[in-house]
Each structure stands twice: as C-alpha cells, then as structure tokens.
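Chains A and B, in that order, give the protein sequences. The first sequence begins at 1 in the working numbering and counts up by one. The second sequence begins at 258 in the working numbering and counts up by one.
These are calculated hints, taken from the structure and not from any lab test. Even glycine gets a Cβ: it sits at the ideal position worked out from N, Cα and C. Please note that a few of the clues may not be correct.
[As the list claims (entries may be wrong)] Here chain A is said to cover these stretches of chain B; the calculated rule only asks that three of the stretch's residues, wherever they fall, bring their Cβ under 8 Å from a Cβ of chain A:
| no. | stretch |
| --- | --- |
| 1 | 388–394 |
| 2 | 419–425 |
| 3 | 431–445 |
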Amino acid sequence: MGLVHLRGGNLPSPKRRSWLLVPPFEEAVDEALGHGPDVLVIDMVELVLPEANAEAVKRLPGVVERALEADGVEVFLQVNVNQMAEELEAGIQLGVSGIVIPRLEWKAQVRQADAVLSRLEERQGISAGSLQVVASLDTALGNHRAMELIQTSPRVWGISPGRVDLVMDLRPGPDGEFHLLPFLMQRLIIAAGAAGVTPLGAWWRPPARGLMASPKDTYEAAIRGKALGFRGAFCILGEQAKALNRGFDGQGWEEGG
Amino acid sequence: MVEAAPLIDLVRRTNLLVSLRSLEGVDRVWRLGADAVTLDLREMADDGLSQQARKWIRISIGFAAYGGAEVLVGVGKEDVDRRLEAGVWPGIAGVVLYDVDSAGDVERLLPLLESMEAYRGLSRGALEVIPVLGTAAGVWNVREIVDSSDRVRQTVLDEAALCEDMGIVPQADYDALVYARGRVVVEAIAAGVQPLDLPHPVSTLSPTLSEGEIREEGVRARNLGFKGALFPQQDWVGPLNAAFSPTGDQVSYYTEVRRVFAEGVARGTAAVPYQGRMIDVPVDEWAKDVLRRAVSCRERDRQKREAVGRRT
Numbered sequence: 001m002g003l004v005h006l007r008g009g010n011l012p013s014p015k016r017r018s019w020l021l022v023p024p025f026e027e028a029v030d031e032a033l034g035h036g037p038d039v040l041v042i043d044m045v046e047l048v049l050p051e052a053n054a055e056a057v058k059r060l061p062g063v064v065e066r067a068l069e070a071d072g073v074e075v076f077l078q079v080n081v082n083q084m085a086e087e088l089e090a091g092i093q094l095g096v097s098g099i100v101i102p103r104l105e106w107k108a109q110v111r112q113a114d115a116v117l118s119r120l121e122e123r124q125g126i127s128a129g130s131l132q133v134v135a136s137l138d139t140a141l142g143n144h145r146a147m148e149l150i151q152t153s154p155r156v157w158g159i160s161p162g163r164v165d166l167v168m169d170l171r172p173g174p175d176g177e178f179h180l181l182p183f184l185m186q187r188l189i190i191a192a193g194a195a196g197v198t199p200l201g202a203w204w205r206p207p208a209r210g211l212m213a214s215p216k217d218t219y220e221a222a223i224r225g226k227a228l229g230f231r232g233a234f235c236i237l238g239e240q241a242k243a244l245n246r247g248f249d250g251q252g253w254e255e256g257g
Numbered sequence: 258m259v260e261a262a263p264l265i266d267l268v269r270r271t272n273l274l275v276s277l278r279s280l281e282g283v284d285r286v287w288r289l290g291a292d293a294v295t296l297d298l299r300e301m302a303d304d305g306l307s308q309q310a311r312k313w314i315r316i317s318i319g320f321a322a323y324g325g326a327e328v329l330v331g332v333g334k335e336d337v338d339r340r341l342e343a344g345v346w347p348g349i350a351g352v353v354l355y356d357v358d359s360a361g362d363v364e365r366l367l368p369l370l371e372s373m374e375a376y377r378g379l380s381r382g383a384l385e386v387i388p389v390l391g392t393a394a395g396v397w398n399v400r401e402i403v404d405s406s407d408r409v410r411q412t413v414l415d416e417a418a419l420c421e422d423m424g425i426v427p428q429a430d431y432d433a434l435v436y437a438r439g440r441v442v443v444e445a446i447a448a449g450v451q452p453l454d455l456p457h458p459v460s461t462l463s464p465t466l467s468e469g470e471i472r473e474e475g476v477r478a479r480n481l482g483f484k485g486a487l488f489p490q491q492d493w494v495g496p497l498n499a500a501f502s503p504t505g506d507q508v509s510y511y512t513e514v515r516r517v518f519a520e521g522v523a524r525g526t527a528a529v530p531y532q533g534r535m536i537d538v539p540v541d542e543w544a545k546d547v548l549r550r551a552v553s554c555r556e557r558d559r560q561k562r563e564a565v566g567r568r569t
C-alpha cells in the first residue's frame, strides 16, 4: 500500500445531495426534474436491460439534451464499465458534469474512462479535465482498491459503496441488518477523506431498502449517512430526492415535504 | 542506543496533556498519578519560546516528573525544530507529534531528534515519537506511520480531530469511526505498537462523566484493543489507570487458570474445563500475558508511589 497524499485542502463541496437515477427516456427525465434533485443521473446500467442497451444508446443523445435544457440540475451519466466508450460517445455533450461507473475494480478501467473523456472534451469543446468521475465501488475488489482507483485519475471526484448490499450479497442477518455495511461504508469514507474526494451514500437500514424506501426512511438514511461522513446519496424514486436534500442539509423532517 | 522494554511491559496507560499557559496547570500534575505527562508546546506563541519560557519549560519538566511520570512534549508539524529546541531537555522521554498524515511526517522529525539527543546530552534513541492520527490520511496511512521508526511505540487516534477533518459532526447515536478505530488497533498491534484512544462519544463529545463512568469507558477502550489514552482531564487519571490495568478478579482468575491448566498438562491433557470454559494452550498463553501485564502495572504504580513519597 502506497502512501496517501492529500489532493489539497478541504474536500470539494458542491451542492450534490441527491443523485436521482432515471432511465434513458425523455419522459422519465421530465418527470424526474419535477422532484428537484441536485443531480440527474441518466442510467444505462441498472434501469436498462442488457438486451435493450443498443436501443438505449441510440436514444441517449436526445435524452441528455433534454436533461441539459433544465436549469438548476447537474447531469451525470451512469455507464457500464465494459461498454464505456460506446455509451460515453453517445451521451457526453457540453453541459454534462461527469459520469458514474459502477462495479469499478481496475486502474485500467479508470484510465480508459479518463482517455475517452479527454477525447470527448477535446472534440466537443469541453474544458480539458472538467468531466468528473464518481466511482461506485460495490464489489469486494473495488472496495479493497479504493485508494489506488481514486489516485489513478484526478477526474475522480467521488466514491460510493453503490449497490454493495446486492453485489456483495450482504444478506440480512438474524436482526435484519447488513452486518458488514458499516465497515464497508466507513472504509470508503476514510479513503475518500484521505484522498480528498467526496463520499456518497446513505445508511439504509431494514426494513427500508434504497430502491423502495419511503421518503421518511430515505430522509433517515440520509441523516445516518451524513453522520458517518457521506455528503450525498443516490436514489431512484423522485420523491426520495427531496428527502435526501433535507437529510443532507440537516433539516428536520416534514410530512409531505 | 536505548534498549526498549518489551511492549507488554510498556505501561503508559494515562498520558495527561498539560497546558503550559499557566503554572497552575503544571504544578499539581505530579500528584495525580499519571504514567506520563505531555507538556503541550503547540499553543506557545513565538514569544513563548524565549529564554524565560525555556526556563519555565524546564521547571515544568521537573514538576511533571516529581510523581514519577514520564514527561513528553507535544508539538505540531509546524515550526517543530524551534519548539523541540525550546522543549527537549534532559528528563524528556519523547515527542507527541500531532497532525501526522504520513510516514514522512515522522521521518522528517528523526534527524531533529538525533540532533537534540546529542546537543542536550540524552542517550541516543532515548526520545520516542508518539504520532497522533487526526486525519483520514493519517488513519489510511497508519501502517507506514507506525512502521516508520523504532522510536514509535505508541500511537494515538484523535477522534475529535478526525471528525473535524472529515466534516463529520459527532452525534451520540452514530459511531462514524468503527472502521478507523479497528484499522488503527489492528495495524498498530501488528507492528508492535500500542494504540491509544478513548472511543466515541468520550473523545468526540467530551461528556461530563463520573469517576465510575470514565472507568467504564476506559474498560470499553481496553476491550477494543487500546492500551491507554492521551487526554487533558486531570480527574480521569485514576479511573483510567485502573481501567487499563488487569483487575484483581482477573489476576485471581487467570492465576487459577494457569494452575488448573498445569495440572491438566501433568495429567497428559492440554484441554481442561474450568468454570464452564475450556482452558487450552491459547487461553494459558493469554493468562500469562494478563499476569505479566498485571505485574508491570503494579511495578509502575509502585515506582510512582515511591517518587511521590520522596517529595512529601
């Protein structure tokens, strides 16, 4: 393990509390924007069946364009680690802030993303190095290699445990908790702090799960996540976005809103 | 070179951090029974490093040592050479180095320590370094830090500073530092270094605690693998010395464990039931450690009592 050196000063802190995943459809984008997420994540990974990926790639430019028309929301793309080049070629436009890469495990994958993004920045007149990467480290190998993956590219702005509960098969124990979850989350938070990048995540607890959690449960997951050191989190239901915003702002809960 | 005692015999359960802002803080610490006293030089302004201040530091070293405590100085990474020049004198056992992010922070200190040892007539290698880990980088790099020098025999996890570094507002209901704590304990012990800490919420929220409560918190820290603590609260010294020492009940129990096990071995078995537990080789080895540690703690307490006795 090599020594870690801070990227400099305090952690970056743009207002990125809620990261709302939407499938690559213009109607889904329109609907999501009404919920006030800080970041709209156009997802090519979890909400697109593998056999529908080619069609989704074709739609992607129009969907991204639609998302970029909105004010006050940043746009990221969540891309498949093994199909990055194709999906980024289709989705990166001037105005996109960055990408999220789940299942990231290898430095070569980070370098590949870096190279593709550099090429697209040059081609599309985007400031060199401005497109950011959020690494979703939801495998054991990814979590283990967190620091080396972060340090592979200055584009890495944030890291997240992602869907670690499913990917690493952290099934509920006798009391319903995912026993390893606090360890895995806190390890990434320390790594993020050490490297000067932003940790993203929320501490979901049974019976709520991230995908289907009520706004109140989502708010509480954000409160717990913030207490651990997370700065924002991903969600999949529009109504969860405001709950994350309130939780990560440290505001109290208000029914209905 | 100074020959270091085996780690199990290093009894520095309580390291009392003392402000040098006023003599009031210094002139009574020797009666408290701390295993070590750290004179905090971080808060001394430039004019605090004057000749008069140096004289005062030397007087403080004398006061702190009256009770048999080891005396260390606490410094940050900034302006460390001038602070060590002002604070290291005969009688100083080491340096508590704050804000350590990497092994390099310790390594940069080493030539200074060698110079100070030669300049001030201390034995070569006499000055220990106790790195204080109060940043995420420090925790992440703990392995390299504790391996950076033979002078490192203890390291401190500063949970309040770590929370501040990571932008975490400590809350009683949530423990954000389980991983950090576990990592520091495992890496330190693997390297033969004693980890020191009083875990959240004690170190992060500084609650008002009774003597019994602070002793319980000390026992909790000991049960997590920590061997002592660095802290400024003078009334915590007694309870924490007790908390980080084997209790009388434990000494009795493990003495009996050793006797019962030895009888079993004489009968030809190395697995002996005793009070509902199976005593085997690892349990016997643990019993040896507990009893040895108890002897070391008693010996250290005797030394301090004798030192106080010479002054009263």
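Against the structure, the hints come out as follows:
{"no.": "1", "hint": "388–394", "verdict": "holds (count 3)"}
{"no.": "2", "hint": "419–425", "verdict": "holds (count 4)"}
{"no.": "3", "hint": "431–445", "verdict": "holds (count 8)"}
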